[in-house]
Every structure is written in structure tokens, then in C-alpha cells.
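Q: Listed below, chain by chain, are the residues.
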Amino acid sequence: MAWNFFLSLFDYKTEKYVVAKNKRVGVLYRLIQLSVLGYIIGWVFVSKKGYQETDEAIQSSVITKLKGVSVTNTTESGVDVWGPEDYVIPPQGEAVLFVVTNFLETPNQKLGYCAESPKVLDGLCNNNDDCEKGKIVVAGNGLMSGRCLKKDSNSIGSCEIYGWCPVERKFKPQGPLLANAENFTIYIKNFIFFPKFAFSKSNVLETNDDTYLKKCRYDKELHPYCPIFRLGHITRRAGYNFQDMATFGGSIGILIEWDCDLDKGYSNCSPVYHFTRLDTSVSNKTIALGFNFRHTRYFRNTDGERYRSLFKVYGIRFTILVHGKAGRFSVVPTAINFAAGLALMGAGAFLCDMVLLYLMKKGNSYRQWKFEVPR
Amino acid sequence: MAWNFFLSLFDYKTEKYVVAKNKRVGVLYRLIQLSVLGYIIGWVFVSKKGYQETDEAIQSSVITKLKGVSVTNTTESGVDVWGPEDYVIPPQGEAVLFVVTNFLETPNQKLGYCAESPKVLDGLCNNNDDCEKGKIVVAGNGLMSGRCLKKDSNSIGSCEIYGWCPVERKFKPQGPLLANAENFTIYIKNFIFFPKFAFSKSNVLETNDDTYLKKCRYDKELHPYCPIFRLGHITRRAGYNFQDMATFGGSIGILIEWDCDLDKGYSNCSPVYHFTRLDTSVSNKTIALGFNFRHTRYFRNTDGERYRSLFKVYGIRFTILVHGKAGRFSVVPTAINFAAGLALMGAGAFLCDMVLLYLMKKGNSYRQWKFEVPR
Amino acid sequence: MAWNFFLSLFDYKTEKYVVAKNKRVGVLYRLIQLSVLGYIIGWVFVSKKGYQETDEAIQSSVITKLKGVSVTNTTESGVDVWGPEDYVIPPQGEAVLFVVTNFLETPNQKLGYCAESPKVLDGLCNNNDDCEKGKIVVAGNGLMSGRCLKKDSNSIGSCEIYGWCPVERKFKPQGPLLANAENFTIYIKNFIFFPKFAFSKSNVLETNDDTYLKKCRYDKELHPYCPIFRLGHITRRAGYNFQDMATFGGSIGILIEWDCDLDKGYSNCSPVYHFTRLDTSVSNKTIALGFNFRHTRYFRNTDGERYRSLFKVYGIRFTILVHGKAGRFSVVPTAINFAAGLALMGAGAFLCDMVLLYLMKKGNSYRQWKFEVPR
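Protein chains in written order, with my numbering: chain Z, -14 to 360; chain L, -14 to 360; chain R, -14 to 360.
The shape of chain Z in the complex, shown without the other chains (with noise of 0.2 Å):
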């Protein structure tokens, strides 16, 4: 009976078109019946759930763990053991996470004197005039005692400073320390809640199996709910080689993302996963390229002397967003757009008239009929 009713719309004024004699205007206006109606049907209610009630103030939570090793062997720091402990800054298992992949250490610098860094533009110096004492180098390491040092007197030298000494000596990464950072895995724990439809979900198989998180590696079919990613898959699937990453360091964005139907029910409210390098722009050439920090650690000799190291480290970070909205049905959305579509063929029906007037010949004897006056 709705539907008859919905369909008697066609009728409404189209004869009014036929009978002014103007059978294209009457075509229009179909036209235009039609157009809404699929709009309506079609658009709103099938494809954009207008009968639905939708709740996007998703509400999640996000714990991530790595886990891998690595064996570094430089010259300054010798054999060391890298574990999750150190390359992931800050170790706290956050959304955004630092994995190192390259590095440079500093090891044992001490409050003192030596020369600043010939990196730092503002400490070269031709003689001692250009290192006024007790200036600190802009951009600097360190407090200017006031001499020059210069390998020969016609070669620029750089500003003595006190500070930590000796300064980080010039870097240019050859390829990433930490090779096998690729194999690395990242846990992704996600739980999510829909206020208003009070449904909560998480991103994690709910099993008694509790070696299944140790075995499991995620794919799309098999696995979609281990969410273990190898590192380097994840460059991969964002469209990069992850050694080529690795060596200047970089960004990555992971997007979850929940879209519920939660009239098809709990199972078919699933998490898809897209990956996307955020630190890249259209033209290549830029010299914005990378991503490194320094960090140190902090010693006391028996004497009580401070002493620290220095690490300047190379790296990737990930930082993951959740975004989601959960939909259900309710009367009022419904309604709503049931109305405004009412509406909007009134619009069309206004419009008709609008060419009728203007459109045709015949018009004055359409304006005749349709604005006779009482004789």
C-alpha cells in the first residue's frame, strides 16, 4: 500500500503538463521523478544506509608490542644486543612508536674543551676574533672559550667550545645497523566501543588458544584477526622498500578502520587495515628527507664524574589511527529521509514550472491557465 502510494506520486501534476499540451515538459518532469526516486532509493537508503542511525564518536584504545632482536658491531660501541626494550622509543607500548633502524654512537663524553663540529656553520672561524668567549654557537654543541683551532693557518678552523666532549663527528648512514629490523613484528592490540549502540569490540581473535598470538602472522583471509604485522610487510603494503626507509629513517601511517552494520550482526563488524608513508610529498626533491633524533644515557665514574652516551638514532615511526562508525536501524533517520525526498520532488515539480514558463512558446498560454484571474 506504501509502495502504491509512493508510486501515485508519478501521477501528480504530470497530466496538468500534458493537458497545458506540452508533452516534453511532461517528460521532464518524469525525468526528474526518476532521477529523485533513484536518488532516494538508490543513494540514500541503499548505498548510504539512510535508515540507519550511525554513531562515529568511536572510542578506542591502542597497545602495541615489537618483538626481535638485533646485533649491532661498530667500531665505537663494539658487539651489542638490541631488543624491543631499546629500539622501541618510547617503550611503552603507544599508538606512536619510534622503531630504531640505524644508528650513531657518541660513547663516553665528558663536560670539556674541544673543537665544535665543522657541521655547525656558526663555529667556523678564520681566527680567534670569530669565537668571542662565553658566546654560545647558534645551533651549536657548546659555550665558545674564545680560540680558534685550525689544522693550518690558511685552512678554516671551528670555534674551541665547552660542552660535551668530543662533539658527534660528521654522519652519513651507509645503510641501516639494524638489517634485520624488516623481520621485526609489531602486536597491534585494538579495542574499540560505540557509545551510543554501547557494542564493544576488539581487533584480536577471541580464542583459548594462548600460543595463537605466538604462531599467528596476519593476512587478510587466513588471519584477519592476528593482528602481528612483519615490519617490513608494512612498508611493503605502503608501497616501500623498507631497507631503502631504513637508512634515513621515515613515517608511517596505519589506519584501522571499523565500518559496522550492526543490523547484519557481531561477526560482520570487522577491522580493515591501511598502510600509508606520511612523510612524503609530490616532488621528490626535498631536503626534508628522514627522521633521526639523539638520546642519551646518562653514567658517574667511581669518582662521581658524569660521563655519557650519545646516540643519534635513525628510525621509522608508526603511528596508528582508529577510525569507525557503527549504523543501526532507527524509525527517525528513516522518516527524515523519507521526507526529504517528499520534498524533493517538490523541488522537481517547482523546477517543471519554472521551464514551462520560460522554455516554451506556448508559454502565455500557459500562464494564462495557470494564473486566471476570477472574471
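Watch out, some of these pointers could steer you wrong.
One copy or two, it doesn't matter: identical chains are merged, so the pair holds either way.
[Claimed, not checked] In silico lysine to aspartate or glutamate, EDC-like type, Cα no more than 16 Å apart, as pairs:
1) Lys33 / Asp244
2) Lys310 / Asp244
3) Lys50 / Glu70
4) Lys310 / Glu38
Keep in mind that the hints were calculated from the coordinates and are not lab data.
Chain Z is already provided as a structure; the job is to place chains L and R on it using the hints.
A: Coordinates of chains L and R only, in the frame set by chain Z:
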């Protein structure tokens, strides 16, 4: 006058339907008008405050600070005193913070050779062939030396590795070591700013009594502007027992909601706190329980050799979210909503025409009348 | 032609009103039409770019790096040199970072017995009964030993505690110790990506001159693509004096806004920087002033005994937010907005009918004419 005018909307078209000898549709039209009117006044204007322009782009800053001490006594670490600088990770008063409630220390780890942990599947072996020299144990702690260490010939052994030794022992927490973490207090400083209205406020009482924040505790009625909470209070409000969460850890969300009606003045804009546990899913049979991670402290002995303490810490992560919107009367939205109301009435009238055309036997006569042609 | 058609909208119905012998309403209707037209063209299309489809789901990545050194000289710590690796917390170039501008070090703390700080209310005592043995001092630093330490018999003393001794002394900062933090520079690397248009860009100049970033400073006109700022510049732009903020600390928001009209091409999409102080509320009499926290460095002496340095650091937290939206011409929104405009005109006509019916004496004659019945 505007009101009278509004009322007059009711006369419009009604008599047409009467004229058209169809009371039922007249009634239907009245109903539609009433419902539309009710919708506009009741819903749009009263409930949704359609007369206000709103600002949802809230700018917020959260600063947190914990207080409280806990004393632990374990075989590995001996007696230890934990202050906020130790159990809050990261310590810098972020909106996301982790509070240690349980831990396992593995002190005095040195780089060297020892047996891989039996928990690591890939580290188990029957003979040396299972431990390929120089291969890294998947999800393990080091580099295989090639030897398989086993208690007796017919037991399952584990490969010898080069790494930080001794490796962490098996650990199933029995109960939280920082039991009185329940009594720690968290001070949540929140500042908000609504750019559109240049309105700013904080959730802390504006007083000159410096000792206020040292004595007060949050209470919805007595101290709504004392943002200091007992951790145990928070978990209980979230519906969980602190001690249960403390053993394996978990994740709690603290939502601060600012819903400000600026027409009602400064004092009526006050924060509301909501507490929810974030790491739960409807079905409780999950293997993704708890929240823990590892961090280290590095030391050097007199010979400059490195050794370290490895901490596996369990705890509760608190995530503080700030939502908010402010509204103030403005002409534009009022006008728009009013116009929308009128349009809706138009749609109502349109709908009635439909009904007339379809429902009633006398449809034809009505058609004639409605679309009579110029003779 | 489309334009002529659009114009013809004006004729519609107007003459009806004229016919109905009511110029006033004719004029009213004209006004409504004009305002609607003005609204559609001026507001919807020109100002709000209603002809564009927009993407507001901006994906962004922020990397920060500070440069600058400061030298401090205090009785506790002696001479110390602070580099970014020390005064930036956390050091890993996040979008939220804390810069130390002032600090108090309590070096060589050992686990032992000492007097609780007099700042802790719960630690004050008149006699030993006030210090219940084994009880933890609320908001204090340790475990009560049961003794009350006091200078002389009739003064107020403080309980002896077991904890990290000596406890931190009272500290009201006189001025920032890292005074020249004002001259530190922050380099904000921001990459954005609009998924819908696959458009990506960065806020760093695309050049091959590697030294550019070492020399340039941000300048709205000269160097809009040099995202390197003096901290003092930022606070001033936010409306505050750096030295004032530096003493007790504070919180500053840096908003990067990308409003990209892709119809105008790649180069017209450039970032705009806004700076606001986040931790202020309209009334300045607040006790929630400043921003500080404590962190520690742990050491072990030759006997393996632990001792530590406790740092109470004051500073400024910078929070970098990225907003943005991009728009590009698209048929769909253009059509929808155009249709909406027509519908609005319909509503206008409807409104005029209302007015006709209500306002004028001649209402009845009009009624007759409008709803004349088939004779």
C-alpha cells in the same frame, strides 16, 4: 504579531481540502502541521537549541600530576621505594600516562651466553642442529650460538643465545606489588578555549588558597572544581575493581565533557567527568588481556662494562580525552531553522496533495478541480 | 541561456500577486527572491565555494627538532651544558614536546631515613604518635619510621621517613636557569596528504640547497616555507613574554592550517601558523599556574648500590596541531546546491502565500480566487 502570523499558517490550504469535500485529509494536514510545529519548537529550538550558533572546535590542554608512594620488597630488587617519577611513564604529565602497579625486575643483565627462555617457541630444541649458529631467534632474546642446552638427553631443551643474560624468567603475576597504588591521587589540570567566542576556562577552582589543592578530593556536589581523584575511585567509577586490574594491567579512559550554554553565563559552564574501561570486549574469553611492557636502566661498572636492569612493568594506562561545545544566541541559525520549518510545512502540504490524489474515491473530481483547463 | 532561465525565475508567481491586486506582496516576493539569490550566489557559491567537493580527512605527520645549547651553574649541579637531547622531553621529535627552561636538581639521593619535606601536610607532626610506623605519608615521599623530627620541643616537626634521601628541598623559582632558551630554534616538519584528491605537500621549501635550513628563519613574507622558529618568537606571537613563562612553565599551542583550493593549483596551497597559549583562563587568579614535573637518572656505585639524581623541571610544552581541508570543483555538489537554491525559492513563494492570506484585508477575495471550486 509574528505569533499570530505563525498561527495563520494553519488556515492555509486547509479549507481547500474541506472544499474538496474531504475532511479526512483536512485532519491529516492538521496533524502534519502540529507534528511539524512540535518538531520545530520542541526539538529544534528547545531541545537542540536551534537559536544558538555553536563552536565545537574546542582547544584544550591537559596537564596531569600524580602523588603517592609505594614500597615494594622482592627477592630480585630488595626493598624499593616507588615515587611518581618512577611509576608514571612517561613522567612528563601528559594526557596519556601509564601507572605501574606490578613489575618484574631482572637485574644485572650482561651481554653474554645463556639459554633462551623456554617461553620462546623458536628457541626450543632437541639437538644442536635446531640451533643454527648465527641465526636470530624469532621473537626471542638473542643470537643462537649453535648449542642446544637441555637438562637431560630426552627432555626438550632451549638453544644457547648471545644476548643480555640472564634472560627474563617466566612470570605469572600473583597480585600487584604496588598494592597501595589504589590510593595514589591524580591531579588533572584542564584548560579549554572556544575560539569563536574567545571563551576560556579551567577545571580548577579559582581561589587564592594555595593549600586548597593539597587537601581537597573531587566530589560531584561538594568539590566539582577539585580535579583530584583517587585511582581506586576512578576504576570503581569505570565499573572495575582496582586490584583486579592492577595485577595484569589495563586501559582506562577519562572523558572530560564541557557543554557550555554561554547564554547562561560563565559559572554554568562546568566540566563533567566520565570513566570507562577501554580494553574490554563483549565476550570476555580473550587472550589479549592486560597491559605490560619492558624498559631498562643502563649502568657501567668501574671497567666501563655495561650492565642493565630490565623491568617488565604491568599497569594501568589512563587516557584523558576532552570533548566540548559552546553555544550562544545568534540571529542567523534562528532564521535558518525558522525557514526550514516553513519549508517543512510546504512539504507537508505537498504530501497532502499526494494523499488526496491517491487515497480517495473522489480523486477524479478533485483532479478535475485542481487541474481544470482553460476552456 | 541557463542564466536567462535563472532570471525567468523572477517572473514566476509575481504576476499572480499583481493580479491579486497586492503590490506590497509582489515587492516582498521580489525581496525574498533577491535575498535568496544573493544568499545562493554570494554565500553558497562564492564565499563557501559550494561548487567544490571538499576533503577534510587530512592525514598529517609532524616531526620536530630543536637546536640550541644552554649552560647552567648551580650549587647542586655545578656547571652543566644542556643540549636538545637533555632539555627536550621526550627527545623523539613528537608533535607534543616539553622544553626545560628551569630546573632543580637533587643529586645523590640514596634509599634511607630522613625527615619528610615540610611542604607535605600529612608529614607534619608534634610527637611520634603523629608518625605511625609503617604508614605511608599521603602525597609524601616515603614510609614513616615512627619518629617525629623537630628542631626544638615546641616547634612543629616532620615525620622521619624511609625513602630517597635527602628529600627535595623547598623551591620557589626566582627566574629561569636556562635563560637563553628564548633563542632555541624549533624546526617543525609537517607533511600532509588529502586521500580523496591524492594530494600531498610539505611545509618545507622544495630545494636542493642543503644549507637552506641551516640559515633561514620563518618569515611570513620572505620565508613562508622555512618552518624554523625562535621559541621567543613563538611566545611573543602567542601574546606572552618568554621569560615570564619560562620561570614557572606553561603550555603553548601551535596550529598549522592548510586551506587548499586545488582549482588554483599546487603553489596556492600553503600553511598558515597560529600560536595560542593554552593554559590560561579568563580570570587570572588561579592556583593552577605553571607546568613542572620530576624525572630521575639512576646510577650505581662500585658496590652496585643504587643512587639517583632527581630533577624537578619547569618548562613550556608545545603542542602542534594540524587542521586542513582541500576543495576541488565537482559537478555533484554544484547541482545539489543549485537545487537547494530552487527549493528555497519555493519556500519563499510559499511564505508569500502565507503573507497574502494573513496580512491583507483583501485576503478573502484572494482566497476565493486561489481556491475557487469547480462550479
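Q: Give me the numbers of the hints this structure contradicts, sorted from smallest to largest.
A: none
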